[in-house]
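Peer 1: Given next are the chains, with one letter for each unit.
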Amino acid sequence: MQATKHIKKKLTKAALSVVLLAMAVVFLFPLILTVINSFMREQEIENSYSMVTSSSGEQESVLSGKYANVKLIPDMVTLTQYYTALIKRTQFLIKFWNSLIIVVPIILGQILVSSMAAYAFAKLEFIFRDKLFFTYVIIMMMPFQVTLVPNYIMASGLGIVGSYWSIILPGIFGTFGVFLMRQFMMYIPDAYVESAKVDGASQLRIFFSIILPMSKTGLAALAILVFIDNWNMVEQPLIFLQDINMHPLSTYLSSINSGEMGIAFAASTIYMLPMLLIFLYGENYLVQGIQLSGLKG
Amino acid sequence: MSALLKTGKKYNNKTALFFLAPSLIGFLIFFFVPFVGGLYYSLVDSPVGGNFVGLANYIDLLRNTVFLKAGYNTMVFTAIAVPLNILFSLEFALLLNRRIYGRNIIRMGFIIPLVVPVASVVLVWQILFDINGSLNAVISSLGLLPVDWMKTDLARIVVVIVYMWKNTGYNMVLFLAGLQNIPPEYYEAADIDGASNWHKFTNITLVYLTPTTFFVFVMSIINSFKVFREVYLISGAYPHDSIYMLQHYMNNKFASLDYQMLTSAAFIMAVVIYILVLFLFRIQRRINSTIGG
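The listed protein sequences correspond, in order, to chains A and B. Residue 85 in the numbering used here sits at position 85 of the first sequence; the count goes up by one each step and never skips. If you want the numbering used here, it's the 1-based position in the second sequence plus 1000.
Keep in mind the hints are simulated off the structure, nothing from the lab. Glycine included, each C-beta is placed from N, C-alpha and C at the ideal position. The reader is advised that the hints may include incorrect statements.
[What the hints assert, rightly or not] For lysine-lysine, the following DSS-like pairs were computed, each having C-alpha atoms within a straight-line distance of at most 27 Å: (1) A:K216 / A:K197; (2) A:K8 / B:K1200; (3) A:K13 / B:K1200; (4) A:K197 / B:K1014; (5) B:K1200 / A:K5; (6) A:K9 / B:K1014; (7) B:K1226 / B:K1069; (8) A:K10 / B:K1200; (9) B:K1014 / A:K131.
[Claimed, not checked] Every beta carbon over 10 Å from chain B, so not counted as near; a handful from chain A, in silico: (10) A3; (11) L20; (12) E42; (13) T80; (14) I139; (15) Y187; (16) A191; (17) A220; (18) A223; (19) N245; (20) A264.
Pulled out of the complex, with its shape left as it was, chain B reads as follows (with noise of 0.2 Å):
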């Protein structure tokens, strides 16, 4: 289809760059021009008259205990956030799919968090967790020792509860239109064959899903560095150091406006990103070629 279009017509250079324009000077100004600029900052030891240090900066950043830590957290918390929640939200899309009572109220409350701004509930996850919190007063009163939520390694959990609680709405509502694309034929043909519920499943629901299940799973990855607000808004620019995030370390380098370092750590972020969603659109590519989606 495209390459029909491509080779039956010419190029309208003009007219599309008219509409382009607006985006694409305010795109140039705001994203491209500093951040190809930025690379100058990340090569030179001092942003005014700085001498050439080549990839200086770039050790000194992978040597850097603080960086590594908030990067070391930053991974830690997306490796068990996202799987997490994206088995969350396609079990809630798989039942939710089904002919159920109250379908669209539930659905609702789900879908809800998500419009929800993070600053408006922070209290409750204080009140939830604080070591004189709620969740607290319900673990002595079973008789266990209360624990220290916030200041403890299990503030990352704490950091995955908050954060699955935003997110999975927006996940299972991507499932949910993936699970409503499969055209029922294919149940249909699989009940007169006697296929069992957990052959159709594996077979035809899980297949089909899976471009679905990657365009989630790369959103979520990109979704679980915006984390930093929760932890933020709960815990302020210097919280227990199991929830110390990237942007934590960002912001204070933006405190003491150290450029080569912003830069740096921007450029292996922009790097290490950029592979991970290059791989994994190829590894959709061949899925998608494989099931013919």
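Okay, chain A solo, but in the shape it has when bound (with noise of 0.2 Å):
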């Protein structure tokens, strides 16, 4: 009695674990075929997908009779698409350097001044400080459709529309990194600034060698999330930049025409490839970021 329902709860474990374990399968499916098919000749890409039309625009679409057929087994494995990607057609590498040069600088100056103001949310006593934390988590919330307007009507006042720093500075300033620091501040025990202000340290050392060592953590986390949403970004390059040698990989990709579908299979392996590295490396703090904008405070 009791072996048969020990083997029945086995049973219904394996099951479950089997159908979850397809539907993770079936949500990496678009990574595995992006990745399998960057590895394919440009005749077996052509092959499997040249019927696949282009979805913009108001022109109907028609049927070919034909159609496009997945394949996740190469007929040759080759490097060419990245030969092709990386060494033949430079524009690839150099918008990937244009995503680096936006991401890189927010991510930077992101950590530096949102940790600076969550220490005083998280810890200081000052006049307005419950107001303004709700005006910066109305802000956060705020879709960009909002928040780009008031950036733009900044940017073309400053002059620097059709520049990268259009699109750092209002990156660098966003409030989502102050809202997740201060709630990560918030668990670092009050007893440790009052000790150490006892010792006689100032304020800037307690934030330096107390609580910035005590927050890598939180950091880790903001770095990742700051990373992944910028990374991904869309709008801003769309808006702020009208030279297209200027924009990010994201947006460029988009603007590759079907007859390079090789390559961009390749172009979009190298874009996401940071991105995996990053979360191989650190899904724990990604997972932590993710719990931690989930707290309330």
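Take the two lone chains, each set in its own frame, and fit them into one complex as the hints suggest.
Peer 2: In structure tokens form, the structure reads like this:
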């Protein structure tokens, strides 16, 4: 009796695991397909997908009688697409570089600016603190359709539309980092700050030698979340950068025409590679960062 | 606790200002000042030397069929995608919270889409949902008529699927954290009382997940506006009518530098979002006080 119950439990567990694993594979499918296709020859890509038309524009699509054929095993594994994307057609590397130029300053700037502000919100008492923090949270909640407009008005006032600064500066001062780091610093016991004060440490010293080192996990989580969000950026370049040569890889990839699908797969794989590496290295930071954003304070 | 601090301590305004300054200056320059300044643009008839026209721009905007269509599409999308997304991520979190084989690998599978840039998987969506795409290959092999996914109202479904693919992981992580914060003693006590699984689910799990669910709900609504990325990258600046979003409208207004319409649209959206967020927080506070969370 006890034994059959045990077996039944194990079977349910196994069945559940198989179903969930299948779901996880479905979620991973777009990645898997992109990576596999990036190792195929141009001809093979052409044969499999040439009937896929552009889905933009007003014109009706037409049935060609042939359907795209998803292939998970290449006829021949080749690195030609990578060779083309990395060495022969340098614009892909340039766009990759553009992505970095935009994202890296935003991450570094936001970490510094927001950890300082977060310290004030989490550990200092000052006038209008809660009202100001509420304003920050409301701004954080506003979709970019709302915040892009003030950003643009100011950028054109400062004459920086068309330069990377028009994207980087608003990115640095986004309020998400302040919110996240405040949530994290709230969990640092006040006693650390108090005893340092008794020892005569200045506020700057407390911040740099106690709070920041204790916030390493939070900072890593913030860096990863900001990286993810900005690496995926689409709206800002479309509005702020008229010069297509300055665009990041994200918007550039969508402008590749269908004749170059092979290269696009290789470029797509290169584009997601930094994110995948960061994920493998920092999955726990990412998960903690998400959980932190969900804690009410 | 916070009341005690307030009475027991004096304000430390100077130090606070020092730490706040960089953030505050940037916040004022890039968000607050232009936002308030934008109010001016929304009330005049021309950005340079315009005359005060009151709410005329807002009335124009609310009569503009393209804006209304974009707003309607965005709302329909949010109304479908957000509840679906919450249901799925809650379900996955509940299942993953049990002891199953390969738990970490499965969890990873759901989270990875979160880090993958939309642009790098756009080709896959095009291959799947094109009229000559793989999905239609399956449909026609079943003897059914192929469908034009991206050029009919069905495009909405495609956008919902693509959105769910990317956003399920985030909510799932939040729900998992919420589940792990429920003290196991509650379940043990219920077991002693001989409560059924369903009873435990509705009276313990769901009740104590309510704060998480509210947060997930608010964030999902906010994030649902980001679906423009997917739509734009798959279908460009002029997609099928049913998936022409608010951001498409805004982009076109940026292209023509129509400040009056842009600022009016931004203000209308800001007010809607503000009311929504306030309303949700109020409900959350009420629920928290009833369950003592």
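Peer 1: Please name the hints from earlier in the document that this structure breaks, with their numbers sorted from lowest to highest.
Peer 2: Of the numbered hints given earlier, those the structure breaks are 6, 11, 14, 20, listed in rising order.
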